[in-house]
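Take these sequences, add in the hints, and give me the full structure.
Numbering (UniProt numbering), first residue to last: 1 to 106.
Rather than coming from a laboratory, the hints here were simulated on the basis of the structure.
Treat the numbers as computed from the prediction; the structure is a model and nothing was measured.
A few of these clues could be false.
As the list claims (entries may be wrong) - Straight-line alpha carbon distances no greater than 30 Å define the calculated DSS-like cross-link-like pairs of lysine-lysine that follow:
1. Lys32 <-> Lys16
2. Lys32 <-> Lys62
3. Lys32 <-> Lys67
4. Lys62 <-> Lys16
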Amino acid sequence: MSGEPRLDPAVQHPTKLAVVAFLSGCAEADFKTVRDRLGLSDSALSRTLSGLEETGHVAVRKGFVGKRPRTWVSLTGDGRRRLAGHLAALQQIAADALAAVPETTA
Numbered sequence: 001m002s003g004e005p006r007l008d009p010a011v012q013h014p015t016k017l018a019v020v021a022f023l024s025g026c027a028e029a030d031f032k033t034v035r036d037r038l039g040l041s042d043s044a045l046s047r048t049l050s051g052l053e054e055t056g057h058v059a060v061r062k063g064f065v066g067k068r069p070r071t072w073v074s075l076t077g078d079g080r081r082r083l084a085g086h087l088a089a090l091q092q093i094a095a096d097a098l099a100a101v102p103e104t105t106a
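Set out below in structure tokens:
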């Protein structure tokens, strides 16, 4: 049954799921934008990105804009596939739960 969608343990934490979901909507985002849009502290986002980079979900790129250091993050191809599988598994769980609820008559 390897073809069935499965939950991805690497993104089950709400913060990690929020980060990968946000990044799925863009090619790349800078650290400050992700932090501000998700309402995270610098340290919380940094820890989250480190974990997601370790599992291959995100790529982190560092550089400069003028003389200011910047960090950009993007969802990897594998990260996108794993997110899609995770979301499909969540949808299946919800559909199965709804199908198990007996119909009530009004």
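Below or equal to 30 Å on CA atoms is what counts here, so check Lys62 against Lys16. The hint holds at about 20 Å.
Given the hint that Lys32 pairs with Lys67, test it: the Cα-Cα distance must not exceed 30 Å. holds, 16 Å
Starting from Lys32, check that the Cα of Lys16 is at most 30 Å away, please. This hinted pair holds, its Cα atoms lying about 16 Å apart.
Do the alpha carbons of Lys32 and Lys62 lie within 30 Å of each other, as the hint requires? Status holds; Cα separation ~13 Å.
Comparing the model with each numbered hint stated earlier shows that all of them hold.
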